[in-house]
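Chains as they are written, first to last, in our numbering: chain A, 674 to 812; chain B, -11 to 366.
Hints are computed from structural coordinates only; laboratory data are not their basis.
Keep in mind that a hint or two might mislead.
As the list claims (entries may be wrong) - Stretches of chain A that chain B covers, calculated by requiring three or more beta carbons in the stretch to come under 8 Å of a beta carbon on chain B: (1) 681 to 688; (2) 731 to 738; (3) 804 to 810.
Claimed, not checked - DSBU-like mimics (lysine-lysine), calculated; alpha carbons at most 30 Å apart, straight line: (4) A:700 <-> A:812; (5) A:812 <-> A:677; (6) B:127 <-> A:700; (7) A:774 <-> A:812; (8) A:728 <-> A:771; (9) A:812 <-> A:771; (10) B:353 <-> A:728; (11) A:700 <-> A:677; (12) A:774 <-> B:195; (13) B:127 <-> B:363; (14) A:734 <-> A:771; (15) A:771 <-> B:176; (16) B:176 <-> A:734; (17) A:771 <-> A:700; (18) A:734 <-> A:700; (19) B:363 <-> A:774; (20) A:700 <-> B:176; (21) A:771 <-> A:677; (22) B:176 <-> B:195; (23) B:127 <-> B:353; (24) B:195 <-> A:677; (25) B:127 <-> A:771; (26) A:774 <-> A:734; (27) B:353 <-> A:734; (28) A:812 <-> A:734; (29) A:812 <-> B:363; (30) B:176 <-> A:677; (31) A:728 <-> A:700; (32) A:677 <-> A:734; (33) B:176 <-> A:774; (34) A:774 <-> A:700; (35) A:774 <-> A:677; (36) B:195 <-> A:771; (37) A:700 <-> B:363; (38) A:812 <-> B:127; (39) B:195 <-> A:700; (40) A:812 <-> A:728.
Glycine included, every Cβ here is placed at the ideal spot set by N, Cα and C.
In case you want the letters, here they are:
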Amino acid sequence: MIAKILVANDGSEGGFRALAMACDLAKRYGAALHMISVEELPDFPASIGEIVEIKEAENHKFHDVLQRARAMAEAEGIDIDPEVVAGHAAASIVERVKALKSDLLVIGFMGHSTLYERIIGGTADRLVRLAPCPVLVVK
Amino acid sequence: MDNIWLVSALWIGLALAASLISIWTAISVALIEIMVGAAAGNAIGLPLTPWINYLAGFGAILLTFLAGTEVDADVVRRNLGASIGIGIISFLAPYLGCLLAARYGLAWSWPEAQIAGIALSTTSVAVVYAVMVETGLNKSELGKIILAACFVTDLGTVLALGIVFANFSVWLLAFAAATALAAWLLPKFVPWFFATVGQRVSEPRTKFILLVLFLLGGIAVSIGSEAVLPAYIIGMVLAPTFQREHELAHRMRVMAFAILTPFYFLKAGSLIEFGALVSAIGLIALFLGLKMLTKFAGILPLTRLFRFERRDGIYTTLLMSTGLTFGSISALYGLTNHIIDQRQYTILLTAVIGSAVVPTLIAQKWFMPKIGAAKQEV
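If we strip away everything but chain A, and leave its shape as in the complex, we get (with noise of 0.2 Å):
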């Protein structure tokens, strides 16, 4: 039984396919739909200016995104809750999954460089590890 459904979104063109099939299987399971975006502010700066500029910027791309967002689910005929935070992707999302007790994670699959991947590893490959709920990656 699916009741609630979180959608991690990050602006992207991922994130919204992802936030499409969200609305979708909202709509079929009749669940609860909450979506979160995450603006990641840098690691150990130098000045608050450094926060603030990029703070700024995160803000205005993150309001254009909910109205998206809710313009999208409003077109499917579904509630959404969105919310911003601010902090590291996977932690913050993982932290909201256990919050809201999500029984459902949609993601989108982020095309970073097979560098990064292989060094770092992607949003997405530590969300399947880490969410205590079964998660859909949305290619």
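Assemble chain B onto chain A, guided by the hints.
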């Protein structure tokens, strides 16, 4: 390499690489610039010409001024007892601890030990602020006290750097008088001047600020002090104006981060000696450990006194053990003025970088206040 444009291309190329790595890894561009500078300096030997030294120095002055403009005087005033108490102890405990350890434990000379104490006394307001924004603590009373205390610690570090090595003469009094006069007049004059000249592409507002910083910085250097001291103080007194003038602050940040601070951080990194880094790894760990230990000894009891929860107290102490910008400025000041040698500089700067990373990771991993990530207004 004598070709000025090829040297420029090399430095800007490294700055560009650092920016891209910073975006890719979501790690501060300043930290990446130091690392890129260290790698390039040891691999190919970055040329330090007078104009690169000028741009790097200009970057440090502007960075310090901008740090001063970020001081929220209202927050300090509202939390006066806790912020001044924690802030002063947060400066004094590591300053004295590292100073005495370097002098008596490692037999460094007094001036060398002074640089060690000052470089490791710092708290990174920026690191603290970033964590606060993520957790939403910047809106809470606890967060405001921590931030205010960080400003006080930074002021202690800048004052120490400006005063300890100054030549005590009548000129020092003249410099103090000129800085005090500027600090008194500018908050009255600058808002009027900014309103009169308005926002122009030729930026008379920025030019006026730079004129003041260069004049006071010049006087500071001529008496053996440091140009960042007046820059921080002038930034502090103009903070209310800059917190209203968002566009001007944005323009000055773009100018600083695009073309000035990369030269400063790349230069700071390029002077790290990999050989010394390896051979002195124990000393680096010692200084880092000592900084954290003395911060704990000084701050943790105060957090109890001010009735912080135990977890909040440890979290606060760890955040206040961080440092980057002023630590690197202090270490580079010591090297540039031949107070410390390159090996000591490598030890101190690496310990400073470690203090940006290690306490933050420990705080976030094990002592995060149990409030979760804060919802952001976008």
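Here is how each hint holds up against the structure:
With a cut-off of 8 Å between beta carbons, the region 681 to 688 of chain A has 0 residues touching chain B; three or more are needed, and the interface restraint is violated. Requiring three or more residues with a Cβ within less than 8 Å of a Cβ of chain B, the coverage given for the region 731 to 738 of chain A holds, as 5 such residues are present. For the region 804 to 810 of chain A, the proposed coverage by chain B is not satisfied: 0 residues have a C-beta within less than 8 Å of a C-beta in that chain, short of the threshold of three. Distance hint between residue 700 of chain A and residue 812 of chain A is fulfilled; the C-alpha atoms sit about 20 Å from each other, no more than 30 Å.
Restraint check: the Cα-Cα separation between residue 812 of chain A and residue 677 of chain A comes to about 21 Å, which is no more than 30 Å; the hinted pair holds. For a cut-off of 30 Å, the pair hint linking residue 127 of chain B to residue 700 of chain A is broken: about 38 Å separates their Cα positions. Distance hint between residue 774 of chain A and residue 812 of chain A is fulfilled; the C-alpha atoms sit about 25 Å from each other, no more than 30 Å. About 26 Å separates the Cα atoms of residue 728 of chain A and residue 771 of chain A, which keeps this hinted pair within 30 Å; it holds.
This hinted pair checks out: residue 812 of chain A and residue 771 of chain A have alpha carbons roughly 24 Å apart, not beyond 30 Å. At most 30 Å may separate the alpha-carbon atoms for a hinted pair to count; residue 353 of chain B and residue 728 of chain A meet this at roughly 23 Å. Distance check on the hinted pair: residue 700 of chain A and residue 677 of chain A sit about 11 Å apart at the alpha-carbon level, within 30 Å; holds. At roughly 56 Å between alpha-carbon atoms, residue 774 of chain A and residue 195 of chain B are farther apart than 30 Å, so this suggested pair is violated.
Using a Cα cut-off of 30 Å, the hinted pair residue 127 of chain B and residue 363 of chain B holds, with the two alpha carbons roughly 12 Å apart. Between residue 734 of chain A and residue 771 of chain A, the direct Cα distance comes to roughly 26 Å. Compliance with the 30 Å bound is thereby established for this hinted pair. In summary, the hint linking residue 771 of chain A to residue 176 of chain B is not supported, as the alpha carbons are separated by about 53 Å, beyond the 30 Å threshold. For the suggested pair residue 176 of chain B and residue 734 of chain A, the alpha carbons sit about 37 Å apart, so the restraint of at most 30 Å is broken.
Note on residue 771 of chain A and residue 700 of chain A: the hinted pairing holds, with a Cα-Cα distance of about 22 Å set against a maximum of 30 Å. A C-alpha spacing of about 27 Å is found between residue 734 of chain A and residue 700 of chain A, which places the hinted pair at or below 30 Å, so the restraint holds. Taking the CA atoms of residue 363 of chain B and residue 774 of chain A, the gap is near 18 Å; set against the 30 Å cutoff, the hint holds. Restraint check for residue 700 of chain A and residue 176 of chain B: not satisfied, since their Cα atoms lie roughly 61 Å apart, outside the 30 Å limit.
Only pairs whose Cα atoms come within 30 Å are accepted, and residue 771 of chain A paired with residue 677 of chain A is accepted, the gap being roughly 12 Å. With a CA separation close to 18 Å, the supplied pair residue 176 of chain B and residue 195 of chain B stays within the 30 Å bound. Distance restraint check for residue 127 of chain B and residue 353 of chain B: the Cα-Cα separation of roughly 22 Å lies within the 30 Å cut-off, and the hinted pair is therefore satisfied. At most 30 Å may separate the alpha-carbon atoms for a hinted pair to count; residue 195 of chain B and residue 677 of chain A exceed this at roughly 56 Å.
For a cut-off of 30 Å, the pair hint linking residue 127 of chain B to residue 771 of chain A stands: about 25 Å separates their Cα positions. Distance restraint check for residue 774 of chain A and residue 734 of chain A: the Cα-Cα separation of roughly 28 Å lies within the 30 Å cut-off, and the hinted pair is therefore satisfied. Our distance criterion of 30 Å between C-alpha atoms is met by residue 353 of chain B and residue 734 of chain A, whose separation comes to about 28 Å. Of the supplied pair hints, the one linking residue 812 of chain A and residue 734 of chain A holds, its CA atoms being roughly 22 Å apart against a limit of 30 Å.
Restraint check: the Cα-Cα separation between residue 812 of chain A and residue 363 of chain B comes to about 28 Å, which is no more than 30 Å; the hinted pair holds. With a CA separation close to 57 Å, the supplied pair residue 176 of chain B and residue 677 of chain A exceeds the 30 Å bound. With a C-alpha separation of about 34 Å, the suggested pair residue 728 of chain A and residue 700 of chain A falls outside the 30 Å cut-off, and the hint is violated. For the hint linking residue 677 of chain A to residue 734 of chain A, the alpha-carbon distance of about 26 Å falls within 30 Å, and the restraint holds.
Of the pairs offered as hints, the one joining residue 176 of chain B and residue 774 of chain A is violated, with about 56 Å between alpha carbons and a cut-off of 30 Å exceeded. Taking the CA atoms of residue 774 of chain A and residue 700 of chain A, the gap is near 19 Å; set against the 30 Å cutoff, the hint holds. Taken as a hint, the residue 774 of chain A and residue 677 of chain A pair is honoured in the structure, with Cα atoms around 8 Å apart against an allowance of 30 Å. At most 30 Å may separate the alpha-carbon atoms for a hinted pair to count; residue 195 of chain B and residue 771 of chain A exceed this at roughly 52 Å.
A C-alpha spacing of about 26 Å is found between residue 700 of chain A and residue 363 of chain B, which places the hinted pair at or below 30 Å, so the restraint holds. At roughly 39 Å between alpha-carbon atoms, residue 812 of chain A and residue 127 of chain B are farther apart than 30 Å, so this suggested pair is violated. Taking the CA atoms of residue 195 of chain B and residue 700 of chain A, the gap is near 59 Å; set against the 30 Å cutoff, the hint is violated. For the proposed pair residue 812 of chain A and residue 728 of chain A, the alpha carbon gap of about 28 Å is at most 30 Å, so the pair holds.
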